[in-house]
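Participant: Letter by letter, the chains look like this.
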Amino acid sequence: MKATCWMGRNTVQVQEVPDPKILNARDAIVKITSTSICGSDLHLVDGYVPSMIKGDILGHEFMGEVVEVGKGVNNLSIGDRVVVPFPIACGACNACQNQAYSLCENSNPNAWMAEELWGHSTAGIFGYSHLTGGYAGGQAEYARVPFADVGPLKVPDGVTDEQALFLSDVLPTGYMGAEMCNIRPGDVVAVWGAGPVGQFAIVSAFLLGAERVIVIDRFPYRLQMARDKAGAETINYEETDVLDALKEMTGGRGPDACIDAAGLEAHGHGVAFAYDRAKQAAKLETDRPTALRQAIMACRNGGIVSIIGVYGGFVDKFPIGSVMNRSLTIKAGQTHVHRYMRPLLERIQNGEIDPTFIITHTLPLDQAPHGYEIFKHKQDNCEKVVLKA
Amino acid sequence: MATEQSQRGLENGKGQRLARALGWFSHGLGLAQLIAPSDVARLIGVKDDDDNRALLRVVGVREIVAGFGILVRPRPAGWLWARVAGDAMDLTLLGAALTSDNAKRNRVAAATAAVAGITALDVLCATRLRSSRGATVGSAPQDDTRDVEKAITVNRPPEEVYGLWRDFENLPRFMLHLESVQVMGDGRSHWKAKAPAGRTVEWDAEIVDDRPNELITWRSLEGADVRNTGSVRFNPAPGGRGTEVRVKLQYDPPAGKLGASVAKLFGEEPNLQLREDLFRFKQVLETGEVVRSEGSLDGARLRQRPAQPPEDGTER
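Protein chains in written order, with the numbering used here: chain A, 1 to 389; chain B, 1001 to 1316.
No lab work stands behind these hints: they were computed from the structure. Where hints are given, some of them may not hold.
Quick partial rundown of chain A residues pointing at chain B, CB under 8 Å, derived from the structure [what the hints assert, rightly or not]:
| no. | residue |
| --- | --- |
| 1 | Ala25 |
| 2 | Asp56 |
| 3 | Glu68 |
| 4 | Gly70 |
| 5 | Gly72 |
| 6 | Asn74 |
| 7 | Ala92 |
| 8 | Cys93 |
| 9 | Asn110 |
| 10 | Gly127 |
| 11 | His130 |
| 12 | Gly134 |
| 13 | Gly321 |
| 14 | Ser322 |
Computed footprint of chain A on chain B; a stretch qualifies when at least three of its residues, placed anywhere within it, have a C-beta under 8 Å from a C-beta of chain A [what the hints assert, rightly or not]:
| no. | segment |
| --- | --- |
| 15 | 1209-1223 |
| 16 | 1291-1298 |
No residue lacks a Cβ here, since even glycine has one placed at the ideal position from N, Cα and C.
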């Protein structure tokens, strides 16, 4: 089959690889119809996530048709149309039983590696380095889906691929980011990053009752999408001082909750940004917390900072004094996708959410490298690339 | 014996902490030499000219590389020896500076003394880590017994967890270095373990203590290739979280060639190996089997391959 492979830093190629096969009794094989490139894939391609091996198949947002099931899978049949959550979860461990699916205790065969870096391991993730399990990803013609009796959600007829695909990651991720904000009537929520996750965080914050949502980014086309399609107010941080603007817009209080939907490669300017770039380049810190620092400083006293942008390792100059003295709450996590897929599918079906507005490019799988290129460099007003296998 | 072992653990812990400190020191020094070679040159009393600045930058890159290696490796003895080699280079350069005409002798002498001190620390730390590593490959001087201990929580009741372990023939399902365990009755069993180069190591064992749902203790019998004892304890985890499983293994590899291969068998890091065995034990109980990924086909850490489906016939 054809698959999108990581061939080294900044090198993505579509290659011919063996077809997947059942390795565990609870596996299913899915023939992929639609898959997409995630902002967090860029962290892999840019070389910020350790433990990649040349030839690794990328991709953790995918859906398709079940073509084979292992003998332990009773809930799926050949021919079912399914969307697959990006974390792999067994459904039986303590974490899964508490619905903390991205913390599944059994699905990362390389837990030892994650323990070295993070103290404890998280769940395995499709196509996301060997640190999270070394699973072949979904930017391919076929994928093996472990614990297929737990993860995949059947997609009803009448729901298109484009409507269902983002249930695999970015829609639940934006939603969980907003949910962690404990939004109450009158709340103002600020979102750093107007990429796909940021857009869905805005939409979700409104659904959960936010009065106003303010998004911070530097690309006019992304800010415009957030204004026109998601209903947010916008700040372009290259033109405006973000902290001043947020204070001014909230009567001096600061946003009640701040969502970091940017993560470890956030951009910024000035001395602090140059400092982080240099330290990251010299491998003295792994992550660049430009957006996170700002989210903390901006948040109102006693407010919530919700981190859904991906971080890999260590950051520097973390404003812990601001967090402690001002009673801030930090919440974070890889998304417990399984928890959100069904309720969000219902919201899609009844028209509350139309996730298709983020799609700017649809390409054949063959053109995945081009997709990575335009997505990474924000060319051609690229917001989200869907690949058709 | 217990004291000696905890002493060794302590030494190892100290070695790791010292290694970390030296790793960060490498980073800091390296960065200073990269960014401000002139200041460093003045500080150590050598002439602030193009040659010396370039040299200091090279030394700076070396420090950063060594520092990164020390910090990211679980057992960084190799990188620490790289630091020792670097120290030797620095001492040579400083020695040359001491005898050159345009150096400030007092400062160069001070820098030389400082580097000599750091060299001593590096050697001490690398030696400590090497000896603790040596302890797993059969070269500790007085006491050859190895002792490993790990715990894991399994979301199943103690009866079930005990039950899977109590049938020793199940152990090879999750202890990947075991080829087979054959239960012979009378509390006796025959164990066969894989050794490098297709060899096997075998021994008979007997159950010493068996308290259903609580504890199993066993030990090898006379004539074992590897004398060993083990115990596994099962305690209910609080709040209905299943069962806490605590395993202790002690083994005594024979000297010589066989000893070395036995040591390899138990892995360079027996702690990690036992941790992984328990991880797979949990997988078997909670999910029904050992979980496999394309990059880690047998669920083992040692054989990472690209995350691509295996070719036909290559899977385990």
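Participant: Confirm or reject each hint.
Facilitator: Now the hints, each set against the structure:
no.: 1; hint: Ala25; in the structure: 6 Å, holds
no.: 2; hint: Asp56; in the structure: 4 Å, holds
no.: 3; hint: Glu68; in the structure: 13 Å, violated
no.: 4; hint: Gly70; in the structure: 10 Å, violated
no.: 5; hint: Gly72; in the structure: 7 Å, holds
no.: 6; hint: Asn74; in the structure: 13 Å, violated
no.: 7; hint: Ala92; in the structure: 4 Å, holds
no.: 8; hint: Cys93; in the structure: 5 Å, holds
no.: 9; hint: Asn110; in the structure: 6 Å, holds
no.: 10; hint: Gly127; in the structure: 7 Å, holds
no.: 11; hint: His130; in the structure: 5 Å, holds
no.: 12; hint: Gly134; in the structure: 2 Å, holds
no.: 13; hint: Gly321; in the structure: 22 Å, violated
no.: 14; hint: Ser322; in the structure: 25 Å, violated
no.: 15; hint: 1209-1223; in the structure: violated (count 0)
no.: 16; hint: 1291-1298; in the structure: holds (count 7)
Hints 3, 4, 6, 13, 14 and 15 from the list above are not met by this structure, while the remaining hints are.
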